[in-house]
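Visitor: Fit chain B to the supplied structure of chain A, relying on the hints for placement.
Each chain, written out:
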Amino acid sequence: MIKLEDIHKSFGKKVLFKGLNLQFNENRTTAILGPNASGKTTLVKIILGLVMPDRGKVFIDSKDVLKDSSYRRLIGYMPQIPEFPENLTVKEIVDMVKDLRREKPKRFDELVEILNLSKEMDKRFSNLSGGTKQKVGAIVALSFDLPILILDEPMIGFDPITAYRLKSFIIKEKEREKTIVYISHIMSEVEELADDIVFITEGNIIFQGGVEELKRNTQKSKLEEAVLCLLSS
Amino acid sequence: MLVKLIKYEIYDLFKSKWVIGTFLFYLLLAYVLLDFGRDPTKALISYNNISLITLPLFSLLLSAIYFYNNKNFIEFVLTQPVSRLSLFLSIFISISLSLSVSYFFGSFLPFYYFLGLDFTYIKAIVLTTLLVPLFVSIGILLALLERDRLKGVGLALFVWLLFSALYDSALLYFIIAFSDYPINGLVILLTLANPIDIIRLNLLMDTGLHEIMGFVGKWLIKYFNHLFSLSILVPSFYSLIFLTFGTVVFKQKDF
Chain A
1 MIKLEDIHKS FGKKVLFKGL NLQFNENRTT AILGPNASGK TTLVKIILGL VMPDRGKVFI
61 DSKDVLKDSS YRRLIGYMPQ IPEFPENLTV KEIVDMVKDL RREKPKRFDE LVEILNLSKE
121 MDKRFSNLSG GTKQKVGAIV ALSFDLPILI LDEPMIGFDP ITAYRLKSFI IKEKEREKTI
181 VYISHIMSEV EELADDIVFI TEGNIIFQGG VEELKRNTQK SKLEEAVLCL LSS
Chain B
1 MLVKLIKYEI YDLFKSKWVI GTFLFYLLLA YVLLDFGRDP TKALISYNNI SLITLPLFSL
61 LLSAIYFYNN KNFIEFVLTQ PVSRLSLFLS IFISISLSLS VSYFFGSFLP FYYFLGLDFT
121 YIKAIVLTTL LVPLFVSIGI LLALLERDRL KGVGLALFVW LLFSALYDSA LLYFIIAFSD
181 YPINGLVILL TLANPIDIIR LNLLMDTGLH EIMGFVGKWL IKYFNHLFSL SILVPSFYSL
241 IFLTFGTVVF KQKDF
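Protein sequence lines, in the order shown, are assigned to chains A and B.
Throughout the first sequence, residue numbering follows our numbering, covering 1 to 233 in sequence.
Throughout the second sequence, residue numbering follows our numbering, covering 1 to 255 in sequence.
The following block holds chain A by itself, in its conformation from the complex (with noise of 0.2 Å):
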């Protein structure tokens, strides 16, 4: 489980969160969702450590982990936008994150396979396409079988087929149980994943539940116009 509590952050004049409290829970697949510039992938940091809380912990299975750099063995993050060192190659990226990590890729050829990277291997990271930069960042998230698994808008930048195979990756992970937490823009692939939604604006949470009771709540059936709902209110 990840707790947030009482979580204060403020950039220069603007604040974002104050006193932010909220529950990722455990086997439990939860999108991120709100307008552009809302805190989401500011959430998603604190939570990785690449932005600190002005005040507040975070806490991951009850251990506070902010001073601790070693939780994040738990995680595999896919940020938006991945960057490795550019003169080295995809091959040289996985075992320098193997190295960082000291673990196998247990589900590296899978991936391979599943995003048609095979043929990329020796290139440096520098001559890629951005969707196969993207490939990347996906397989060094997501090929350590790691219990937590933050994704920052997974699928934009891919091409149908691969983001649809890596959907279906997604899917077998949410059904091994795992700690799912995602950004995403596209409704019809957060209800495709989605068990739990957490809709923020402005730093504020405005809904925190099942994506059933989410629509149960605005009277709608689909979770776009729920979501143009929560917005419109």
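Keep in mind the hints are simulated off the structure, nothing from the lab.
Watch out, some of these pointers could steer you wrong.
To give a feel for the contact side, a few chain B residues facing chain A, derived at Cβ under 7 Å [to be verified]:
1) K4
2) D12
3) D35
4) T79
5) Q80
6) V82
7) D254
Taking lysine to any residue and the SDA-like style, the derived pairs with C-alpha atoms no more than 25 Å apart in a straight line are [claimed, not checked]:
8) A:K133 / B:F14
9) A:K67 / B:L29
10) A:K67 / B:K71
11) A:K91 / B:K15
12) B:K251 / A:R102
13) B:K251 / A:S70
14) A:K98 / B:N70
15) A:K98 / B:I6
16) B:K251 / A:T41
17) A:K215 / A:S232
18) A:K13 / B:R147
19) A:K14 / A:K57
20) A:K67 / B:K251
21) A:K123 / B:S83
22) A:K119 / B:K15
23) B:K7 / A:D122
24) A:K63 / A:R73
25) B:K71 / A:M121
26) B:K7 / A:D99
27) B:K253 / A:L50
28) A:K67 / B:K15
29) B:K251 / A:G56
30) B:K71 / A:G157
31) A:K119 / A:K167
32) A:K98 / B:N72
Backbone N, C-alpha and C fix where the C-beta goes; we use that ideal spot for every residue, glycine too.
Guide: Chain B alone, transformed into the frame defined by chain A:
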């Protein structure tokens, strides 16, 4: 963990155009000066003067640009079980080491080819190499403090200008303006406070040409037999200060 990070960063840096370019630049420069100049001592002094101006510039620019270019990668490494301190030190060590190695070998090879093994030029090259960690620590710090890449590079150029020209110009102005007062001690202290000046002075003293530096050179030879230890201590001291400051900023920084 630190060693692992350094291994991959160095591997990446040694393939970069900057590091290869630095090596080739100094290799050609030293070769041309030694080949065309008749006097190896003069060639060494000219080479050292050019190095003292260019190496801080390359160090500042490479470190700031490396940091900006690799910001997303740094962000990625921080999502792995790696401490911020290890990552920061690995970046500093990797850039410093790769630039130092390319400068050292780019300089050493032509001098060795023309002069064989000689302590004077080896000492000059080693001392100038000490400027690399200093200016790398400043370059990284500037990139940490300034989010905007253009402003960061602009600041790096200003710092380079400050150490290479403005500081000495201000010192000269100070000497002229207060020439009626007993400022000798203060001027020497101020000269020794600039790491570039102290390394330049060291070589001039070694080659017996310290009088080029005017009364500062004459005074120094009176009190110091050589500036070797000071030439190591002053740049190292500054490097440590900027590195410590950089570590504090890096530990708090939002990515």
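Visitor: If a hint holds in the structure, say so; if it doesn't, say that too.
Guide: We went through each hint and held it up to the structure:
A distance limit of 7 Å between C-beta atoms decides the matter here; for K4 of chain B the minimum to chain A is near 5 Å, and the interface restraint holds. At about 4 Å, the closest approach between the beta carbon of D12 of chain B and any beta carbon in chain A falls short of 7 Å, and the interface hint on this residue holds. For D35 of chain B, the suggested interface contact is broken, since its CB lies about 33 Å from the closest CB of chain A, more than 7 Å. A least Cβ separation of about 4 Å between T79 of chain B and chain A falls short of the 7 Å threshold, and the interface hint therefore holds.
With its C-beta approaching chain A no nearer than about 5 Å, Q80 of chain B sits inside the 7 Å limit, and its interface hint holds. For V82 of chain B, the interface hint holds, since its Cβ comes within 7 Å of a Cβ in chain A; the closest pair sits about 6 Å apart. Here the hint on D254 of chain B is kept, as its CB sits about 4 Å from the closest CB of chain A, short of 7 Å. Restraint check for K133 of chain A and F14 of chain B: satisfied, since their Cα atoms lie roughly 22 Å apart, inside the 25 Å limit.
At most 25 Å may separate the alpha-carbon atoms for a hinted pair to count; K67 of chain A and L29 of chain B exceed this at roughly 49 Å. This hinted pair checks out: K67 of chain A and K71 of chain B have alpha carbons roughly 22 Å apart, not beyond 25 Å. This hinted pair checks out: K91 of chain A and K15 of chain B have alpha carbons roughly 16 Å apart, not beyond 25 Å. Distance restraint check for K251 of chain B and R102 of chain A: the Cα-Cα separation of roughly 23 Å lies within the 25 Å cut-off, and the hinted pair is therefore satisfied.
A hinted pair counts as satisfied when its Cα atoms are at most 25 Å apart, and K251 of chain B with S70 of chain A qualifies at roughly 16 Å. Distance check on the hinted pair: K98 of chain A and N70 of chain B sit about 20 Å apart at the alpha-carbon level, within 25 Å; holds. Straight-line distance between C-alpha atoms of K98 of chain A and I6 of chain B comes to about 15 Å, which keeps the hinted pair within the 25 Å bound. Restraint check for K251 of chain B and T41 of chain A: satisfied, since their Cα atoms lie roughly 20 Å apart, inside the 25 Å limit.
Taking the CA atoms of K215 of chain A and S232 of chain A, the gap is about 15 Å. The hint holds against a cut of 25 Å. Only pairs whose Cα atoms come within 25 Å are accepted, and K13 of chain A paired with R147 of chain B is accepted, the gap being roughly 17 Å. In summary, the hint linking K14 of chain A to K57 of chain A is supported, as the alpha carbons are separated by about 20 Å, within the 25 Å threshold. Among the hinted pairs, K67 of chain A with K251 of chain B is consistent with the structure: their alpha-carbon atoms are about 11 Å apart, no more than 25 Å.
Distance restraint check for K123 of chain A and S83 of chain B: the Cα-Cα separation of roughly 29 Å exceeds the 25 Å cut-off, and the hinted pair is therefore not satisfied. The hinted pair formed by K119 of chain A and K15 of chain B meets the criterion: a straight-line CA distance of about 22 Å does not exceed 25 Å. With a C-alpha separation of about 19 Å, the suggested pairing of K7 of chain B with D122 of chain A holds against the 25 Å cut-off. The hinted pair formed by K63 of chain A and R73 of chain A meets the criterion: a straight-line CA distance of about 14 Å does not exceed 25 Å.
This hinted pair checks out: K71 of chain B and M121 of chain A have alpha carbons roughly 23 Å apart, not beyond 25 Å. The straight-line distance between the Cα atoms of K7 of chain B and D99 of chain A is roughly 11 Å, inside the 25 Å bound, and the hint therefore holds. Annotation: proposed proximity of K253 of chain B to L50 of chain A holds, straight-line Cα distance about 8 Å (limit 25 Å). Between K67 of chain A and K15 of chain B the CA atoms are separated by roughly 35 Å; this puts the pair beyond 25 Å, and the hint is violated.
The straight-line distance between the Cα atoms of K251 of chain B and G56 of chain A is roughly 17 Å, inside the 25 Å bound, and the hint therefore holds. Of the pairs offered as hints, the one joining K71 of chain B and G157 of chain A holds, with about 20 Å between alpha carbons and a cut-off of 25 Å not exceeded. Of the supplied pair hints, the one linking K119 of chain A and K167 of chain A holds, its CA atoms being roughly 22 Å apart against a limit of 25 Å. A distance of roughly 19 Å separates the Cα atoms of K98 of chain A and N72 of chain B; the hinted pair therefore holds under the 25 Å criterion.
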